[in-house]
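With chain F fixed as given, assemble chain G onto it according to the hints.
Going down the list, the sequences are from chains F and G. Be aware that the first sequence starts at 1, since it is given in the numbering used here, and climbs by one per residue. Be aware that the second sequence starts at 1, since it is given in the numbering used here, and climbs by one per residue.
Hints may contain errors.
Stated by the list, open to error - Simulated crosslink set (EDC-like; lysine to aspartate or glutamate; CA at most 20 Å straight-line):
{"no.": "1", "chain 1": "F", "residue 1": "K242", "chain 2": "G", "residue 2": "D147"}
{"no.": "2", "chain 1": "F", "residue 1": "K209", "chain 2": "F", "residue 2": "D118"}
{"no.": "3", "chain 1": "F", "residue 1": "K242", "chain 2": "F", "residue 2": "D11"}
{"no.": "4", "chain 1": "F", "residue 1": "K243", "chain 2": "G", "residue 2": "D147"}
{"no.": "5", "chain 1": "G", "residue 1": "K158", "chain 2": "G", "residue 2": "D147"}
Since the hints were made in silico from the structure, they are not lab data. This one's a predicted model, so the numbers in the text were calculated from it and none came from an experiment.
Chain by chain, the residues:
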Amino acid sequence: MRPLLVRLVEDYWGILLLLFAWQAWVVVNSFNPIVMPTPTAVLGDLVSHPGVYLGNVGITLSIAVFGLVAGMLVGTGLAVAAWFSPIASGLLNPLTVLFSSVPVVALIPVIARLLGYDTSTVLAIVVIITFFPSFVFASSGLRQPPPGAEDLFRVLGASRLDLLRRLALPAAMPNLAIAFKLAAAHAILAAMVAEFLMGTTGLGYLFAKTKSDFQTEQAFGASLVATVISASAFLAAGWVEKKVRERYS
Amino acid sequence: MKQTLLGALGIALFLALWEVVGRTQILGISWPPLSDVLAELTDERRRPLFLRALGATLESTALGYLWGTGAGLILATVAHLLPALRRGSDRLAAVLNSVPSIALGPIFLVLLTRESTPAAVSSIHVFFIVFVSVSSGLQRATPAHRDLFAVLGADRIKRFGRLELPAALPSLVSGLRLAWPAALIGAIIGEWFGAPRGIGILIINAMQNFQIVLLWCAVLLAVGASLFFYGLLTLLERAAYARFG
Chain F
1 MRPLLVRLVE DYWGILLLLF AWQAWVVVNS FNPIVMPTPT AVLGDLVSHP
51 GVYLGNVGIT LSIAVFGLVA GMLVGTGLAV AAWFSPIASG LLNPLTVLFS
101 SVPVVALIPV IARLLGYDTS TVLAIVVIIT FFPSFVFASS GLRQPPPGAE
151 DLFRVLGASR LDLLRRLALP AAMPNLAIAF KLAAAHAILA AMVAEFLMGT
201 TGLGYLFAKT KSDFQTEQAF GASLVATVIS ASAFLAAGWV EKKVRERYS
Chain G
1 MKQTLLGALG IALFLALWEV VGRTQILGIS WPPLSDVLAE LTDERRRPLF
51 LRALGATLES TALGYLWGTG AGLILATVAH LLPALRRGSD RLAAVLNSVP
101 SIALGPIFLV LLTRESTPAA VSSIHVFFIV FVSVSSGLQR ATPAHRDLFA
151 VLGADRIKRF GRLELPAALP SLVSGLRLAW PAALIGAIIG EWFGAPRGIG
201 ILIINAMQNF QIVLLWCAVL LAVGASLFFY GLLTLLERAA YARFG
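Chain G extracted, bound-state conformation:
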């Protein structure tokens, strides 16, 4: 209870500080007061612009999230069932994760279309996090459990489906939670390479035209989209740990 109050106080102090810094212009005109940003964000005339950008980015992020999760799950499962492939797939995942996102943009632009590049860049970010969390989760079943399954005559597939996969669920859900902000970053960077609309486009345009308040609005939209789903996934994670942890 005391912790919650202190936490709320901390956030309130931060928001108040933001407003004061903006009003007094200590950091110059690049730091607008929170109230100005909120006024712009809720402005009727801006609403269609914001909704279009947010919609496009969320759509790319969701697509990339699905693709990345699927690919991560598949590679982690294959590497788990065929141990000979494990070392190579670890390295492949590490290297894919190390390719700069700004280089992925031009590659996907050639491989796919302008519209699907954000989702593709986003899926690479998600893939790595899901792959790592599922790989480590699949190894969580204890030797005692494995012995029990062996004694009861379970084959490799049964052991995987009934023991190792459920044991990996909490780890997968943690990965899914961490992957959401990463997916959003991927979509925003992907949009810089010629996507027709999105928050990434809004950020770049506002930055280049010195529309400071609009830039902050776009950043707040990205932050809001990140936090909202991150919060939802945190709840899902708690449920998964309660059931399978």
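Only chain F is shown next, with the shape it has when bound in the complex:
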């Protein structure tokens, strides 16, 4: 076991360096806190006004989690449907490849116009953003069972449903885990951008409101909270991906 301090420096030297550079930059230039607060001031605001953050974190986090789960279910479900029907997959595949390379943020204003400026629209945007990676990765995973396995299943008289349940879906698990990792970090950030643009509720709204009220410390506090949640989601999803890969391949 490495000593705690060594471990801390080894794992977090980059982040510590970044925070130190931020603090030094603000102090050296003696910026007005309205323009650019120091990280210690932002932390101070977080500690002294936890109530402001907690409510908004709850809203944004639940939208992100709910949207992530719904988007992955819809994406995997459609991928399975496309797996059953070659015609459906032929029709859908190029479209989803097209859509997955579309800058979704550019679509937020259009979706907001269509669905109205409220919280359910934020949820819809998160669902759409997580849908594409899960559909693309699940589709390609379902089609990559270990070589020869499909023939073996056929010979043993497995039905199409057995084939899906016992071969294709397990074979698609590592790919789904990658999609989960990609989507997990983005879900909360996408929710925040949507809230920022539409001015509804949540962390993005808190950011927009405090920014225009010149409460810059709180705006950065909101961003800091979002960063920590999103980074933890990414690292946790990476751990899940590793476990899934060990289990299914």
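Relative to the frame of chain F, chain G by itself:
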């Protein structure tokens, strides 16, 4: 062949559906028919506006793409050659990628100028994707290859330049392909923080003034810019896999 036909049919059906939904106004006035959007997009009088916006956004995106690729390559290489730094640099990259883009805007606004903020936000998106793909690519060389290089007396630098770097190329090119749409998103968000022109500005203005057709035009421009270069990079990726994969 059959797949291509089905795919083309799928896209045609989608476009037809778009037109029908727009004509019949099932989804209200916010969904204009495709033909109206295309007419506006090709309108002579609008052309200077569109070209200026597209030019500005593409310039920021390209700059951010270059900066991000450079930074990602450098950090991944350093972390690869100095393993003690690896865990820390992974975490730094993950955290940078987790900073909300809307928070990067105000930071770069102070750090840089209004004009270069879009490129800077875009470069952070690109940096992460390139860093991750290069880091994993550099580990693709097999132990057998490493042993061979050791037996033949290659030093660390030679092994890196002749074995690990070429082995990482396909992975890098895949990263470059995925990074383009992300770069474009970064540039568009960066433009919301006071850039003089660009597609992001066009989108925000059209949204706030309820110019629905113009809003769709701006979105189509962004989509077109994304797909065109994404397609080019996909071709490059195929060539890289054919040669180094």
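Tested hints:
The hinted pair formed by K242 of chain F and D147 of chain G fails the criterion: a straight-line CA distance of about 27 Å is larger than 20 Å. The suggested pairing of K209 of chain F with D118 of chain F holds, with an alpha-carbon distance near 16 Å, which does not exceed 20 Å. Taken as a hint, the K242 of chain F and D11 of chain F pair is honoured in the structure, with Cα atoms around 19 Å apart against an allowance of 20 Å. Between K243 of chain F and D147 of chain G, the direct Cα distance comes to roughly 29 Å. Violation of the 20 Å bound is thereby established for this hinted pair.
A C-alpha spacing of about 13 Å is found between K158 of chain G and D147 of chain G, which places the hinted pair at or below 20 Å, so the restraint holds.
Hint check: violations occur at hints 1, 4; the rest are consistent with the structure.
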